[in-house]
Structure formats: structure tokens, C-alpha cells
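Undergrad: Construct all of the structure, not just a fragment, from the sequences and the given hints.
Number of protein chains: 2
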Amino acid sequence: MSSLYPPSLTALIEEFEKLPGIGHKSAVRLAFHIMGVSDEKARRFADAVLNAKATVRLCETCQSLTDVSPCALCSDPRRDRSCICVVESPKDLVAMEKTREYKGLYHVLHGAISPMDGVGAEDLKIKELLARLTPEVEEVIMATNPTVEGEATAMYIARLIRPLGVKVTRIAHGIPVGGDIEFADEMTLARAMEGRREI
Amino acid sequence: MSSLYPPSLTALIEEFEKLPGIGHKSAVRLAFHIMGVSDEKARRFADAVLNAKATVRLCETCQSLTDVSPCALCSDPRRDRSCICVVESPKDLVAMEKTREYKGLYHVLHGAISPMDGVGAEDLKIKELLARLTPEVEEVIMATNPTVEGEATAMYIARLIRPLGVKVTRIAHGIPVGGDIEFADEMTLARAMEGRREI
Numbered sequence: 032m033s034s035l036y037p038p039s040l041t042a043l044i045e046e047f048e049k050l051p052g053i054g055h056k057s058a059v060r061l062a063f064h065i066m067g068v069s070d071e072k073a074r075r076f077a078d079a080v081l082n083a084k085a086t087v088r089l090c091e092t093c094q095s096l097t098d099v100s101p102c103a104l105c106s107d108p109r110r111d112r113s114c115i116c117v118v119e120s121p122k123d124l125v126a127m128e129k130t131r132e133y134k135g136l137y138h139v140l141h142g143a144i145s146p147m148d149g150v151g152a153e154d155l156k157i158k159e160l161l162a163r164l165t166p167e168v169e170e171v172i173m174a175t176n177p178t179v180e181g182e183a184t185a186m187y188i189a190r191l192i193r194p195l196g197v198k199v200t201r202i203a204h205g206i207p208v209g210g211d212i213e214f215a216d217e218m219t220l221a222r223a224m225e226g227r228r229e230i
Numbered sequence: 032m033s034s035l036y037p038p039s040l041t042a043l044i045e046e047f048e049k050l051p052g053i054g055h056k057s058a059v060r061l062a063f064h065i066m067g068v069s070d071e072k073a074r075r076f077a078d079a080v081l082n083a084k085a086t087v088r089l090c091e092t093c094q095s096l097t098d099v100s101p102c103a104l105c106s107d108p109r110r111d112r113s114c115i116c117v118v119e120s121p122k123d124l125v126a127m128e129k130t131r132e133y134k135g136l137y138h139v140l141h142g143a144i145s146p147m148d149g150v151g152a153e154d155l156k157i158k159e160l161l162a163r164l165t166p167e168v169e170e171v172i173m174a175t176n177p178t179v180e181g182e183a184t185a186m187y188i189a190r191l192i193r194p195l196g197v198k199v200t201r202i203a204h205g206i207p208v209g210g211d212i213e214f215a216d217e218m219t220l221a222r223a224m225e226g227r228r229e230i
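If you read the sequences in order, they're chains A and B.
Under this note's numbering, think of the first position of the first sequence as 32, with each following residue one higher.
Under this note's numbering, think of the first position of the second sequence as 32, with each following residue one higher.
Simulated from the structure, these hints should not be mistaken for lab results.
These numbers come from a predicted model, not from an experiment.
Fair warning: there could be bad hints in the mix.
As the list makes no split between identical chains, a pair holds if one copy fits it or if it spans any two.
[Said to hold, decoys possible] Distance condition first, Cα-Cα at most 20 Å in a straight line; then the derived SDA-like pairs of lysine to any residue:
1. K156 / L136
2. K49 / V179
3. K134 / A223
4. K198 / L220
5. K129 / A103
6. K156 / L81
7. K56 / V125
8. K129 / I212
9. K129 / G52
10. K49 / A73
11. K49 / M66
12. K49 / H64
13. K72 / N82
14. K156 / M186
TA: Take a look at the structure:
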């Protein structure tokens, strides 16, 4: 019965409800927040939506989100062009960059193979990855998530790339730093044992 | 380090972060959702914000949100004009209407007196309420929240209105229907005892 609100407010509530993780009560709260801010702030919010939509696209090289293509990272001469780190999403790329450890390039797949969700290899940016494998590229690091889908995707891509003579590696799984062995799940512990290194 | 995203996407993330109850991770999730929907859907969302801001205003009579003033409820000839139910927010009005029990008019204060938050009586729509107290009005029902602020506001307004010869009532507090006496707090139980009625 949000129809007790004016139609344009009801419409705004419904638009907020379409966002992921926003239920009816949150949508009402957000719409009322918008009602309470200045016209200028509401316009700035609406403009941010339209502006981001209008300017952000995929980098023609790494397929990450960018406003210039190729993106700043792909055109940065300081990056190591012999190594491509493959991630599922631009968020994973940002998480990797935050470590400041990796100096190579990236490739964003935009998902992982998941027959359950109807996502096949052809829905991911795999063709675009293969097109980047010039002789310059020596290693492809599969940094997909340690989920069933992420593992399957890593395996699938590894099988495509290995015959081309490019080294394919997978990021290590194990006990998170600061984590507790007692509370680690069996899969993680097994992977941690498997990936042990001499100290 | 969301500066790793394109500036317009970072701006959108920051706009989402300004919304109540939306932290950084949620803001990133929402901004990525917008990136993933069609241009048309994003435009519909932005338009809903601007349209609601442009058309929704306060009803000149009851001060609730409306796109026509006086609002549909205030101009409905079937409503009982002898009774005004005073609520803190338009959301409370909607909650009341959902009961389908109340047939009178409403008045929205837009808050409650709260010295802690710097909200005084002059910040609420109290003058507008007093202006409505024509001889036609027989009863004013204080339906502010059962909080310290809501109670104080109800008492304050009751003291203003009573001398005008208008009956002022307060909604009953007690055990919620379906609630459990065992788990009711002492204040609620005390109010439930105080407000007991013969059966």
C-alpha cells in the first residue's frame, strides 16, 4: 500500500526496490532520504547515475571498466607486459591492485562459467583474452574465485592456453593470514597442506 | 582506493555512500549494478529521483507528502473532519491507513521535539496544526512514537491544544498483539497494566 504515497514517490520507492539487497523498507527509507535532501543534492545523485552510465565502458584490451580505452593500467609503460592476471570482475582487479604486489597486466572475464546460472564460456571475455596472447606474454595467472565456478573457469582457460606455450598458474589457496587453523574448513586446510613450501 | 575505478564510477559510488545505511561495500555493489543494467533502466532510475523531487511537496493542510495540494486524503469528503490524528512522519500516516480503522484526518509534524538533536517545537509543523483547529474539530489524537521524544512532543502539543477546548487523546501503549508478556519490557508492561480495560 505504498500507493498511499504520491505516484512519483511510489515510483521512486519501486526504483530503489529494484536495486540488489534493497527491500521495501530500505527503499522507503532511501526515497524519503531523497525527499529530504536539497534539490541540488538530488540532482547530483541523478547526474552521477547518468554520467557513470554515459562515460564508463569496457577497456578494449583488459575488459575492465574505464572511461578511456585502453585504460590507464593497460597503457601504463611501467606495467610488466609479460604477465596477465585473469580475474572474474573489476572489483577483484581493484582488490589485487590494493596489495601493491602485482606489477603485470589484468584481464577481466566478467563472470565465471556456471551452467546453473546459464553462463557459458562464450558469455565471458575469453576470446578477448586469447587475442592478447602475443609472444610477449609469458605467464597467465588465474585469479578467479576459489569456488566451484571459479575453479572450473580457471581449468577451462588453462586447457585453452597451455597448448599455446604460455605458462598458466593459479593463485595459492590456504589459511588466510591471521586466520585460525582450528576454524579453517577441510577444503582450505587440504589446499594449505598441498601447497606447502619449504621454509 | 576506489580511485582505481574510472572517476565517474567513483563519483557514483560516493553518491551511493551518502545514502543512509549504505556503506562502502554496498555502494560499490549498487554502482556496479547500475553499470550492468540497460541505459534505459539507468535513465528511468535517475528520472524517478528527479521526478519525485520535482513533483512531491507538502500538503498545505496536513503537511504530508503529496503531488496535489490539498492532498487526496484532505480533500476526500468521506473522511471524518472532526478528528485529526497527529503523526511524526508520512510513513506513520501510511502505517495508520493500512489498519483501515481510522476514518478521520491526519497531521504530519515531520519529527519530534528532541533537544539532543537540536529539534525544537518551532522546527515541527505545530503552528500549522493549531491553524487547523476550527470549531469543527472535536478530537486530536496524538499518535507520535512511544519514545522519549514522541512522548514529550505529545505532551507539549496537548498542553497547547487543551485550553482551546479540543479533546486531546493519546494512542494506547501495551503488549503488541501476538507479543509475549514474558519478553515485554517493564515500561510496556507497566503501560499495559495502567491502560487495562474491563472485559
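Undergrad: Going back to the hint list, which numbers does this structure go against?
TA: Hint check: 2, 3, 4, 6, 8 and 9 fail, others pass.
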